[in-house]
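Engineer: What follows is the residue order along each chain.
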Amino acid sequence: MTLSVIEKGADLKGLDIESRQMVVDTVRQLRKRLLTKEKILEFDKNEIFPEKEIREMLGPDIGLQLLFIPEAYGGMGGGARDCCTVTCEMARICLGIATAFFAIQLGSDPLMVGGTEEQKNKWLGKIAEGNTLVAYAVTEAGAGSNLAAIRTKADPVLNDSGQIIGYKINGTKQFISTGGYADFITLLANTPEGPAFFIVEKGTKGFIQGKGEEKHGIRASNTSPLSFADVFVPVENLIGGVPGNGLKQANQVFGYTRLMVASMALGGGKAVLDIVIPYSQERIQFGSPLSEKQGYTHKLIVPHTVRLEAASTYIDEVAERLDSGEEDLQVEGSIAKLFATEVANRAADDAMQALGGYGYISEYEVEKIKRDIKITCIYEGTSEIQQNIISTFRWKTTRKTKGEYYQSIRSEMEKIDATLSDAGCRFYALSAGALNDIIMQVHDRRLTRKQYIMFAMADMMTYVEVGASMARRAKILTETGSPEAEKIRCMSRIFANEVAQLVAQNALKILLGSGEFDHKTVSDWMEKISYTQLAFSHQNVVNDMDWVADILFER
Amino acid sequence: MEIVVLLKQVPATESYIGIADDGVSIKTDDIKWVINPYDEYAVEEALRIKEAHGGTVTILSVGPQKATETIRTALAMGADQGILVNDPTIATRDGLSIARILAAVLKSIPFDLIIAGQRAIDDDNFLVGTAVAELLGIPNISLIIKEDIADGKIKCHRTIEGGTVVIESPLPALITTQRGLNEPRYASLPGIMKAKKKPLDVKTIMDIELDRAQETASVTRIVALKLPSERKGGRIIQGDSARAKAAELVRLLREEAKVL
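Chains A and B supply the protein sequences, listed in that same order.
Per this note's numbering, residue 1465 is the first one in the first sequence, and the count goes up by one each step.
Per this note's numbering, residue 1139 is the first one in the second sequence, and the count goes up by one each step.
Hint data in this document are derived by calculation from the structure and do not stem from the laboratory.
For glycine and all other residues, C-beta sits at the position ideal for the given N, C-alpha and C.
Any given hint might turn out to be false.
Pair ranges (Cβ atoms, derived) [unchecked claim]:
{"id": "1", "chain 1": "A", "residue 1": "I2015", "chain 2": "B", "residue 2": "K1332", "range": "19 to 27 Å"}
{"id": "2", "chain 1": "B", "residue 1": "K1335", "chain 2": "A", "residue 2": "R1747", "range": "45 to 53 Å"}
{"id": "3", "chain 1": "B", "residue 1": "D1261", "chain 2": "A", "residue 2": "G1945", "range": "28 to 36 Å"}
{"id": "4", "chain 1": "B", "residue 1": "T1230", "chain 2": "A", "residue 2": "E2018", "range": "23 to 31 Å"}
{"id": "5", "chain 1": "A", "residue 1": "F1750", "chain 2": "B", "residue 2": "R1373", "range": "17 to 25 Å"}
{"id": "6", "chain 1": "B", "residue 1": "E1368", "chain 2": "A", "residue 2": "I2015", "range": "15 to 23 Å"}
Turn these sequences into a full structure, and let the hints guide you.
Structural biologist: Here you go:
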C-alpha cells in the first residue's frame, strides 16, 4: 500500500526503492509456489513448523535473511524501511512463518548491537550463508518484559591459571520462537557481573530444545521451552566479550524490534482486507453485493482500512527516522506496536464478522489470520506494557520540555491546516493541545500513580502521534502531486475524527473518573480545551466514508 | 552460446484494468507492472541453457523508461545484461513495428538463439517473436514445451492435438515459449544485489540504425477497446423431477438460446 513517500536520497540507510520492490515481488511469488494457501492452511491445521520451506527461503535460491545483514558480513544491508516492508509482506502470507523469519533477525540483534568484529564475522556470516535458524532466548517463566528478573545463570569456568575460559549455564527459558529448531540461539543469562548474551549452538551437551507448545495461532511457528544443565560455552561465545551488558543490549533493540512486530500486524491486517474486500463485492444478499450496504462497509471494513493506513503511515515514518540515523526511538516503537497490533486485531475480528459463516470456517483463511494476529498484541511486550512505556516516557518528556513536546505537534498541525484545510489537521491540533493540558493536570494532581489513568493517557498520546504522522503524509503527497493525495487526505479526515473523539472521551474518563475535580473545574477545562469544537470532528465523516468505500470497491 | 531474450513489461494479471478516456488504451495509474509471464519462461530457459552450455544472456526490450524495472528483475534472476529501446510511444505501435525495432537491434549484436514469449498477455498479439525471426531470416519454432541443443542444432517439443511434435532446426534460431516449459526461478536476494551492477543499456529509436525510418511505422491501429459485457445472472430451472428439469432445459436451449 505504501512505500515510503519521501525518498530523500543517499543519506538514508538501506536499499534503493527498485531493489526493495524486487525483494517484495520475490516474497509475493512465494505465495504462488512455495507457500500456497493450501500449504499455509495445512501448516496451521496440523501445527507443522515448515522447516523445509523456511530453510529454502534461507537458501541460495531466495536468501531472504540477507536483507537485514550488513553488507560487510555478506548481506544486503537493508534498513528499517526495507525490513518493515518485507516483514509486512511475509506476514501477509503467514504470520507464523513471518515469526520464524523474525526470530532469526531478533536472534541476530544482540550480535549486531553488541558483538565483537570477530563474532559478527563468524555468526552473521553463518546466517548470511543460509540454512541457519536462529532463536532469541530471553523470556523465562518468571521474566517476560521484566528482564532483570531472569534466573538463568552463567558461572565462569576458570583454567588452572585462573583465566575465564568459558561459562557454565543452568536454567530454563520459555516461549522461545523457533527454539525447538534453532541451529544457534542468543541466550540471556546472569553472570556475576550482570546479565550477558551468549551464543549456544544446537547439540551442545546439556542444552535441550523442548517440544513445541500447542498454540491458539501462529501454529506454523515453533514455540519451545529450552533447558540448560551445566551447558559449557566457550568465552568466545560471550557476546561483546565483556559480561554485564545484556540488559542494555536487549533494550537497545526494542525501538526496532517492536516496529517489526507492528509491521507484522500490518501485514496480517492487509491480508484480511485482501480477503474481505473482494468477498463483499461478490457476496450477494437481498439482491445486491454486501459492498453496496453502507451499514456493513462503514462498520466492518472502511474504518479498519483507514486505521491500517494510519498504522502503515506511522511505521513508515519511524522506519525512515531510523534509517536517517536517529536513535532512541523506543517510545515510537511502542506507539507503532500498540497502535498497529490493536487495530489489526480488531480488523481481523471484524473481517471474520464480515464473512459471516464463511469467516468462521477455516477454508477462507480469515479465522486463521484472526487467531494469528492476536500474538502481535502479546509478544515483544504486551499492549499494556507498551501503554506503560508510552505514558511514562511521554509524561516525563512533557514535563521536561514544559509542554513543548505536544505543543510543537499542535503548532505543526495548525501550520499544515493553514495551507491544507481538508486533512483534518485542525482536529489533530486541538487534540494535541487537549492532551498536553491533560498531562499537566494529571501531573499536578499526582494521578500518574494511577495506572488506569496512565493507560488512558497512553492511548491519547498514541492516537495524537499517529494522526500527526497521517497529516504530514497528506501534506507531502499533496505537495508532490501524488495520485494518492486525495485519498490520504480523506482518510486523514476520518482518522482525525477518531483521534478527536478518543481524546475527548479519555479526557473526561480521566478528569471525572479520578474524582479529583469538581464539576465546575471540569466545565471550565472543557471550555479551555475547546471541547465543543472537538465534538465537531464528526462533521461530514459519513460522506467521507462513502468516498473511501467507492475507492475500495472501485466504484 | 549468445542468447537473447525478448521481454515485454505488461500489467500484472491481478491489476484492475480500466479503459482510458481515449477509448483505445488502458488506464495506467494504479497498475502494477511485471515481466510478461511467457517471457519469464523465456528468461528461465535462457538461464538453463547458459548453465548447461555457457555463454551470456541478454535481455532486450522495447518500452517506456519504466521497463528498466522488469529488465532489472530478469537481471536479478541471473541474466547478464539488458538493452532497452526507450520508446514512450510503444502503446500505439503495432506488433510489426515493434518487431522491426527489435530486429534492427538484433542485427547489431551477436546471437545464437533468441527466445521470446509466445505472446504478451496484454494485447495477445502472438506476432512479435515470429515477425522478428522473419525479419532476421532465421528459423522460428513456436510454442515449445521442451528443447535440447546439440551440435549447432536445437530440437524442440510442441504439444499438438492428441500428441507431441518434435521439430529440429539449425542455430541461430528463434523459439517461443509455451506454458509447461519450465518453472521460472525467483529473483533471489543475492541476484537482486548483483543486478544493480549489471549493464543496462538504454537506447532511443534514434540510436538504432534502421534502413529506413518509416519502416517502423505501424500498419495496423487499435480502433476500439471494450471490456467484456457484464455477465447476466444465471437462471435456475424449476421442476418436480430431474426428467422434468432436463426437458425444460432442452426446451430453453432450443427455443430461447437457439443453440440446439
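Engineer: Out of the numbered hints, which ones does the structure contradict?
Structural biologist: Those not satisfied come down to hint 1.
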